[in-house]
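Protein chains in written order, with the numbering used here: chain A, 10 to 262; chain B, 210 to 814.
No lab work stands behind these hints, which were simulated from the structure alone.
Warning: the hint list may mix true and false statements.
[Unchecked claim] Once the Cα atoms are required to be at most 30 Å apart in a straight line, the calculated BS3-like pairs of lysine-lysine come out as:
#, chain 1, residue 1, chain 2, residue 2
1, A, K39, B, K656
2, A, K79, A, K50
3, A, K113, B, K712
4, A, K243, B, K561
5, B, K528, A, K213
6, B, K528, A, K260
7, A, K221, B, K549
8, B, K524, B, K582
9, A, K221, B, K582
10, A, K50, B, K626
11, A, K79, B, K626
12, B, K489, B, K505
13, A, K221, B, K623
14, B, K528, A, K117
15, B, K693, A, K170
16, A, K221, B, K505
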Amino acid sequence: MMKRIIYLLLIIVMPICALANDEANVLLKKGNDQYAKGQYKEAITTYQKIVDDGHQSALVYYNLGNAYFKNEDVPSALLYYEKAHKLSPGDEDINFNIQFANQKTTDKIEAGTEFFITKWWHSFILRFSLTTLSVLTILLIIAGSALLIVYRFTNSVSIKKWSFYSALVVLLLGFASMFVASRQDQYFDAHHGAIIFSTSVNVKSAPTLNAKNLFLIHDGTKVEILEDNNGWMKIRLASGNEGWINASDAKEI
Amino acid sequence: MKIKLSILTLLLCCSSLVFAQVKFTASVNKNTIGTGEVLEVTFSINANADRFAPPAFAGFQVVGGPNVSNSISMVNGVTSASIAYGYDLVPTREGEITIGPATIMSGGRPYSTTPIKIKVVKGQGGQSNQQAQQQSSNGPDSRNIQKGRVTDISKSLFLRTEVDKTTAYMGQQIMMNLRLYTRVNIANGEPEKIPDLNGFYSRDIKSNNPNTQWRTEIINGVRYNVTDVKQTILFPEHEGNITIEPSIMNFIVRQQAASSSGDPFDAFFGGYEDVKYKVKSTPIVIHVKPLPQAGKPVEYTGAVGKFNIEASLDKNDVKANDAINYTIKISGTGNLKLLKPISPNFPADFEKYEPKITDTITENASGSSGNRKYTYLLIPRHQGDFTIDPIKFAYFNPATGRYVSLTTQAFHIKVAKGTGDGSNVTAFSNAGKQDVKVLSNDIRYIKTGTELNDVGSDFYGSGLYYFLLILGPAGFLGALVYGKWRDKNNADVVGLKSRKAGKVAAKHLASAKQQLNDKKAFYENLFRGLYGYLSDKLNIPYSDLNREKIAEELKARSLDESLINEMLDTLDLCEMARYAPVSGITEQQVFDKAQNMINNIENKI
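Chain A extracted, bound-state conformation (with noise of 0.2 Å):
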C-alpha cells in the first residue's frame, strides 16, 4: 500500500517540478551574470530566449521584466511582470515591481476603492501559485484518502481514531485548497489583463475607426480585456471606464 502511495506522489510531482532542461539553466545564468554586468539589452535577448523556448517561470519573466525596465522599455517591463504575477501571484518581489513600474507610466487611473474583506480575500486567493495550489489539493486529497483507508483497515482502536480525524482535517483542507484554486482561476479569468503598447491610444466608444473617443490612455496602462470583436478589444481601466481599442494597440498578459 505504501508502495502505491510513492508511486502516486511521484506521478503527481514529475509533471510539475520537470526537470528544467539543462540549456535553458545555462541561459538563465548567462541572463543573470548579463544583468548584474549591466548589459540590460543582451539579458533581454537571453532571457527571451527561454521564454521563446517555451519555458514558463515565474523568474524568468520576473527577470525579463527587469531587464526591459532597466532597458527604458516600460510597457514591456510591466507585460512580463504581469505574467510574472500570474504565475505567481503572492511574490512580493513581482508585486513590488509592478508597483513601481506603473510609476513610470503616463497614465494615473485612480482604481475604484476595494471593500476591505474584498481586498483581503484577493490577497488570500492570489497568495500561492495556481499549480502550487493544484498540488496541494491534490496531495491533501490523496493524503486523506490514505488515512480513511488505514481507518477501514487497522485493528488498532487508537489508531482508528486518530487516522479518521487526521483524515477529515486532511481532507477538508484539500478542498479548501481546491476551492481557493478554482477563485484564483476564475479571479484571472475575470481579470484578463493587456498592457496598453502604443504611445497614445484612443478609446472609442464602439468598435469601428469613426466612433467617438471616449478617452484616452498611453502606453504601460493595464486594461482589464472584457470582449474581443474583429481585431477590436473592449477594455476597462481600474477606474471603470469601458472603451473599445484596436487589438494591436495592447498585448495580452
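Given the structure of chain A, go ahead and fit chain B onto it with the hints provided.
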C-alpha cells in the same frame, strides 16, 4: 431797418421804374403733372416791388419756397431790377387745379398775375408719391413750434430712417442710415431718442471725420442739404417682422424773422429768430426671413454673408511639450462678430487652451467686413504622428440664397520625444503624478536563482489534474469494496475451515507419503491427516471426534453409505496399524484410498 429798406426801394424806383414797363407774371415748369410730382411755380416782376402775396395754392401742398431771388442789372446805363418768388408745389388731388393770382405792389400800383390752370394726372412714380407722404408724415409736433411757420419748417427739415433693404434673411446685414434733410439753417441739434433696435445685433459705424458732412440731394426737384446723423449695421436676430422705432431729434432752427408786412427785406438785413423744433422719423418694418432649411450643412453655425476660411500652423515638426500655434482665419463680409467659436478636432493627446480671438473688422457704409482669427495654443504631450483634421465651415450667402461649405487643409504634426520630465502631465489625469508616493528609487533586483522551475500554469484544470484529484477518492472506494469482500469471506469461518480442510489433509497426506517406508509414522500421519480433515470439514472439535460422530455427520451430509464405511474402515485401519502390523494391503494402497476418499468428499461437500 424798415427805413433802410424803404430808402432802397425808393432809390430803385426812381432810377428805373420811370422808364420801364412793369410786368408781373406767373409761370410753371409744366402744365400737366402727375400726382406726387413737384410743380415749380415762379412769380416774377421786372421791377422793384413789395407786398407780395402768394395765392392760396388750393389743391396743392407747398413743399418748398418761397425762394426769393433779387437781381439788379445795368445794361447800357439802364438799370433793371427783377424779383422772383419760387414755390415748389405738390398736387394733393387729381384733376384740374387753378393756381390763383398772386398780387404785388410796385410803384404804388398793384399788379396781379393771371391764374394758371394745371392738369393733374395720376402720377407714375409711386416712389415720389410715397416720399411725399413720408414727408408729410414727418410733420412737426405742432406744440413745439411757433405758429404761422409750421408748414414751412416741416417741409424743410425732416429725419428719415433709410435702410438698404426691408426684406432680409436672419443674420443678413442691413445698413441703416438716419439722415437729416434740411433746407433751413440749424443752429443746434441733439438727439432725443435713438431707437434701441430690439431684435437686431447692431454695430454703429464710427465716422472718422468729426465734422458733419453735408451734401446736397434733390428730392422731387427740391434741393436739400443732407447729412448722415447715424449709420448702423443691423443683423436681424430672429425671424418675423421687426420694427425699427422712430428716432427723435430736437433742433433749433434759425429762420427769418416773420415780418407782419411780409417784407423780404427784413430778412435780407438779418432779422431772424430761433425756433425750437422736434423732428421724428417714421418707423420702418423689416421683414426677416428664416434661413432656408434645404441644403443646410451639418457644420452650419449661423454665418451669413460671404466668407473665406483658412487655417495655418506655425510648425509641424516639434518635440513633445513644445507649443504650437494653430490659427484659423475667417475673412469676408457679414456677421463676423456673431460667429460662434469654432471647435476644431485636435488630437486628444494635445493639451489645448481656449483660443485667442483677434478681430480685424471694419464697419463702414458698405457693411461689416474684415477677418476674425482664432489662435489656438497646443502642446503635444507625447511623441507620435498626429493629424489635425480639416475644419468644415459653412455660411449662408444671402445674395445667392445658398449655403456654401468650406474646408481647410489638414495638418500633420510629427512630435518627437520631448526633453524634460513633462511627460507625466497628460490629458487624462488632471494632476501630475508627482503626488504618488515614491517607494524607492529602483526596482528590486532580479531573482538570481539558476534553476528554472517551469510551472505549467495550465496544470490546473488539465486532465492530469482531474485524474490525480479523483485518484485518492477512487483508491479509497476501491479499498472499501475490497474490505467489504474480505470481511464477507472472513465472516464465514466454518466455510473457510472446510475449504481449507482439503489443503490441510493434503499436507498431512504429503508428509505421510514421505514416510511410506516407516509404517508407524505413515499411519500416524495419515490418521492425523484424515482426522484433522474431517474435524475441519465437518466442523467437529478435534476432541469430540469419534467413529459414531463421524458417521453421523457424514450421513447428515448425505454421503454414500459405502464411502462412509470406507472412511470408517480406513480410520480403523490406521488406528490398528499404529499398534499392530497390517497385512493384506500395502501403504501405497491405503494412501491412494485415503486420497480418493478425500477427493470424493471434497467433490460432494
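Are the Cα atoms of K221 of chain A and K549 of chain B separated by 30 Å or less?
-> holds (23 Å)
Does the structure keep K489 of chain B and K505 of chain B at a Cα separation of 30 Å or less?
-> The hint is violated at about 42 Å.
30 Å limit on alpha-carbon distance, applied to hinted pair K221 of chain A and K623 of chain B | Roughly 23 Å separates the two Cα atoms, so the pair holds.
Is the hinted pair K693 of chain B and K170 of chain A satisfied, with a Cα-Cα distance of at most 30 Å?
-> Measuring from Cα to Cα gives roughly 20 Å; hence the hint holds.
Between K79 of chain A and K626 of chain B, is the straight-line Cα distance small enough, at 30 Å or below?
-> Between K79 of chain A and K626 of chain B the Cα gap is close to 19 Å, so the pair holds against 30 Å.
With a cut-off of 30 Å on the C-alpha distance, tell me whether K221 of chain A and K582 of chain B pass.
-> Holds, at roughly 28 Å.
Within a Cα-Cα threshold of 30 Å, do K50 of chain A and K626 of chain B meet the stated pairing?
-> Cα-Cα ~21 Å, so holds.
Regarding the pair K113 of chain A and K712 of chain B, is the alpha-carbon distance no greater than 30 Å?
-> violated (86 Å)
Take the C-alpha atoms of K528 of chain B and K117 of chain A, compute the straight-line distance between them, and say whether it is at most 30 Å.
-> With Cα atoms ~23 Å apart, K528 of chain B and K117 of chain A stay inside 30 Å; holds.
Would you mind confirming whether the straight-line C-alpha gap from K243 of chain A to K561 of chain B stays at or under 30 Å?
-> holds (28 Å)
Hinted pair K528 of chain B and K260 of chain A, Cα distance within 30 Å = holds (27 Å)
Starting from K524 of chain B, check that the Cα of K582 of chain B is at most 30 Å away, please.
-> holds (18 Å)
Hint check: violations occur at hints 3 and 12; the rest are consistent with the structure.
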